[in-house]
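So the protein sequences, as listed, match chains A and B. At position 103 of the first sequence the residue is numbered 103 (my numbering), and the sequence of numbers has no breaks. At position 175 of the second sequence the residue is numbered 175 (my numbering), and the sequence of numbers has no breaks.
Read the hints as simulated data drawn from the structure, not as lab findings. Be a bit skeptical, because a hint or two may be false.
[What the hints assert, rightly or not] Not close to chain B: a few residues of chain A, all C-beta gaps over 10 angstroms, as computed:
hint: 1; residue: Pro5
hint: 2; residue: Gly12
hint: 3; residue: Pro61
hint: 4; residue: Ala87
hint: 5; residue: Glu99
hint: 6; residue: Asp100
hint: 7; residue: Pro118
hint: 8; residue: Leu138
hint: 9; residue: Gly139
hint: 10; residue: His180
hint: 11; residue: Arg222
hint: 12; residue: Gly248
hint: 13; residue: Thr282
[Said to hold, decoys possible] Among chain B residues calculated to face chain A with C-beta under 7 angstroms, some are:
hint: 14; residue: Ser36
hint: 15; residue: Leu115
hint: 16; residue: Ala117
hint: 17; residue: Asp119
hint: 18; residue: Leu166
hint: 19; residue: Leu212
hint: 20; residue: Ile225
hint: 21; residue: Ser244
hint: 22; residue: Asp245
[Unchecked claim] Reference listing, derived: stretches of chain B covered by chain A, where coverage requires no fewer than 3 residues with Cβ under 8 angstroms from a Cβ of chain A:
hint: 23; region: 174–184
hint: 24; region: 232–240
hint: 25; region: 254–262
Glycine is no exception: its CB is placed at the ideal position from the N, C-alpha and C atoms.
Now for the letters of each chain:
Number of protein chains: 2
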Amino acid sequence: MNEHPFIAGDWGTTRLRLSLCKGERILDTRSGPGISALTAPPAETVTALTAEWVATHGALPVVLCGMAGSRNGWKETPYVPCPADSASLRRALVRFEAEDLRVSIVPGVSCRNRLGAPDVMRGEETQIVGALALRPDLGIGDKLLCLPGTHTKWVWVEDGAMRHFLTAMTGELFALLRDHSMLARAGTGGSGAGDGFERGLAIDAALGPASLTHALFAARSRQLIDGASKDWALAFISGLLVGSDVRGAIELFGSPREVILIGDPALTDLYVRALRPGRVDTVPLDGGACSLAGLRALAATH
Amino acid sequence: MNEHPFIAGDWGTTRLRLSLCKGERILDTRSGPGISALTAPPAETVTALTAEWVATHGALPVVLCGMAGSRNGWKETPYVPCPADSASLRRALVRFEAEDLRVSIVPGVSCRNRLGAPDVMRGEETQIVGALALRPDLGIGDKLLCLPGTHTKWVWVEDGAMRHFLTAMTGELFALLRDHSMLARAGTGGSGAGDGFERGLAIDAALGPASLTHALFAARSRQLIDGASKDWALAFISGLLVGSDVRGAIELFGSPREVILIGDPALTDLYVRALRPGRVDTVPLDGGACSLAGLRALAATH
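This is chain A alone, in the form it adopts within the complex:
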C-alpha cells in the first residue's frame, strides 16, 4: 500500500473532485469546476486548489481520471483498447509535472462494441478497477457490470479484464426530455410520481421492438387526457428509458444471471427495480467509493 500522501481526482465534464489521501484514509477534499466550465487553464486550477496541501506535505503525486484526459481536458491521453485491466491502464498513465505536483492521468478505454460500432469510456475504467480492488471476487470468471449515468456503460469483464462494452444514452435522453421536450411541461394534474416508473417499465416490457419512439408520447397524452402530473410523466419517461436500456443490454450480453451495478445509489436503485422482474440478481456498489479505490490502486505504483 501507498503510505505517502497523494491526491486522487475525478475530473468530470461538470465537476472536479479532489481528495487528499493517505493509505485508506481521506485527509481532506476540494471541489472545482468541470472540464467544460473551466475559467483558468487546468494546471492553474489544480495548483490553486491544492496549494494548501502542498504547503503542508511538500510535493505530491496527483492521479486524475475522467475528462482530464480528453481532447479538451488537461492533457489528451490515448484510449487503451480492450482487453484492458489495471496493469495495462497503469502502464498507459500519462505522467508529467506541474509545479510541485507529479501528475498522472488515467487513459480512457476503447473497443468495438456488440453492435459493431466503436465505443469509448473515460472515468468508468477507474471505477471498475476500484470495484475489483474492493471486491476481489468480482475478478474471477465472467461478469456483467453496469455503470448508470448520463452515458450508461455496460461492461463485460472476464477474469478482471474489460473485454468489450456498450454505451447507452439513457441519462442524456432523460435530461433532454425533462429539460427541453414538450413531454414534461407542467400539466393540470396534481403532483407526485405515483406509479409512473413502474408503468414505464411495464409498457416497455410489453412493447417489443415498437419501443421508445412510440411509447414516449403517453407521458404527454396522459397529462392531457388522464390528468397525470408532471412528476408522474417524468417517472414514466424514466421507467421507459431504464426499461429499454436494461431489456436491450440483457439480450445483447446473453441474459446473464447477475449484474454488478456501480454508481450513485439513487440511480443504481432504478436499475435494481428494472432488473428484478427478469430475475437478474444485482450487486450495487457506490460509484464514489469505487472511483476513489480505483485511483488509489492506480496510484500505488508511484
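Fit chain B to the supplied structure of chain A, relying on the hints for placement.
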C-alpha cells in the same frame, strides 16, 4: 363547392398560415406567429392579418385547424373521439364571431392507441380529410397513413373514418439530439452526410429490441474514433430514428403492404427510403396541399 371567398388557416405551434380562397383558387396568403409566439390576443392577430381581405370582400368565414383549438389557443375545442370522419369533424366545429370574421375551429381527434395509451392529434385530422378529398380512392377499405413531423402520426383509416392512431416522437427526438445533446457536437471530421442515413437505418434493422438507446452513441464515437463528420452523425441519428419509427409502426399495424405518406416532401422522402427495404409501397402526398383541401372540405358547409 363553396364559391364565396373564405379564409383557410393552419395555426401551428410555431406559425400561422392564412389563405384567402375562392373555390379551388388561392387569391392571397398571409403568415403570422404560431400559438406559442403570440404577442397579441388571437382575435387581434387574425383580424389585423385579414383586415385588407375584409375591406375588399366584406365579412368572411375563416376555418382554422391545429393549435388554434388547443387549451392555450384561440378557443379550446374538445377532441372528437375515434371513429372520426369529415362528417363528425364538421359537426364538432366550434363556431363564433370575431368582428367581421365568422370563425370555425376544427376540433382535434383522440383515441386509445395500440399501446393502450390515450393519444391525440390537432391539425393532422384536417390533412387526412384533405387527402381523402383529393384522392377519393383512399376512402375505400383499410389504409395506413403516416404523417411525419415533430410528432409523427400513424393513422388507421377504414372506409374513410379514422379508427385509431399512434404518435411517434421521431421529429422531436431528432431536434433534441441535434440541438441539445453532445452527440452532434462538431467533431474533427469533414463535412457531408455521406451514407449516414442508410447506416442508421441498417443498424436499426439489425438491432431488434436493443434499439435506439444503445445505437445512438455511435453518432459520437464514430466522430471521435473514425473521423466521421457532424453531418454524417446527424444523418445517422435521423436514419436510426426513422428506422425505429417505421419498424415499430409496421409491426403494430399488422405489416400493411402500402403506406400513404402526408407531409413535407423532404420528410416523406425519408420515410419512403425507410419503408423500401421492407417492400412496403408508398404514396406520398404534399402536406400543405392536403391541409388546404381539408380546410376547404370542412368549410364547404358554410
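Taking the hints in turn, this is what the structure says about them:
Non-interface call for A/Pro5 relative to chain B: holds, since the shortest CB-CB distance, roughly 35 angstroms, exceeds 10 angstroms. Chain B leaves A/Gly12 outside its interface by the beta-carbon criterion, the shortest separation being 13 angstroms against a cut-off of 10 angstroms. Even its closest Cβ contact with chain B, about 29 angstroms, leaves A/Pro61 beyond 10 angstroms, as expected for a residue assigned away from the interface. The beta carbon of A/Ala87 sits about 24 angstroms from the closest Cβ of chain B, which is more than 10 angstroms, so the claim that it is off the interface holds.
With a closest Cβ-Cβ approach of about 31 angstroms to chain B, A/Glu99 is found to remain outside the 10 angstroms limit, as its non-interface label requires. With a least beta-carbon separation of about 33 angstroms from chain B, A/Asp100 lies farther than 10 angstroms from that chain, consistent with its non-interface assignment. With a minimum CB-CB distance of about 4 angstroms to chain B, A/Pro118 fails to clear the 10 angstroms threshold, and the non-interface call is violated. Residue placement check: A/Leu138 keeps its beta carbon more than 10 angstroms from all beta carbons of chain B (closest about 23 angstroms).
The claim that A/Gly139 lies off the interface holds: its Cβ sits roughly 26 angstroms from the closest Cβ of chain B, which is beyond the 10 angstroms cut-off. Residue placement check: A/His180 does not keep its beta carbon more than 10 angstroms from all beta carbons of chain B (closest about 5 angstroms). Not every Cβ of chain B is farther than 10 angstroms from the Cβ of A/Arg222; the closest lies at roughly 6 angstroms, contradicting the non-interface assignment. With a least CB separation of 4 angstroms from chain B, A/Gly248 falls inside the 10 angstroms interface cut-off, contrary to its annotation.
Distance check for A/Thr282 against chain B: the nearest CB is about 19 angstroms away, which clears 10 angstroms, and the non-interface claim stands. The beta carbon of B/Ser36 comes no nearer than 10 angstroms to any beta carbon in chain A, farther than 7 angstroms, and the hint placing it at the interface is violated. The beta carbon of B/Leu115 comes within 6 angstroms of a beta carbon in chain A, closer than 7 angstroms, and the hint placing it at the interface holds. The closest approach between the C-beta of B/Ala117 and any C-beta of chain A is roughly 4 angstroms, which is under the 7 angstroms cut-off, so the hint is satisfied.
The criterion of a C-beta within 7 angstroms of any C-beta in chain A is met by B/Asp119, whose closest approach is roughly 5 angstroms, and the hint holds. Hint status for B/Leu166 relative to chain A: holds, with the closest Cβ pair at about 6 angstroms, below 7 angstroms. This hint holds: B/Leu212 has a C-beta 6 angstroms from the nearest C-beta of chain A, less than the 7 angstroms allowed. With a cut of 7 angstroms, the hint placing B/Ile225 at the interface with chain A holds, because the nearest CB-to-CB distance is about 4 angstroms.
This hint holds: B/Ser244 has a C-beta 5 angstroms from the nearest C-beta of chain A, less than the 7 angstroms allowed. The interface hint given for B/Asp245 holds, since its Cβ lies 5 angstroms from the closest Cβ of chain A, which is under the 7 angstroms cut-off. A count of 7 residues in the region 174–184 of chain B with a Cβ less than 8 angstroms from any Cβ of chain A is obtained; the coverage claim is therefore met, three being the minimum. Restraint check on the region 232–240 of chain B versus chain A: 0 residues with Cβ-Cβ distances below 8 angstroms, three needed, restraint violated.
Residue count for the region 254–262 of chain B with a Cβ under 8 angstroms from a Cβ of chain A: 0. That is fewer than the three needed, and the coverage hint is violated.
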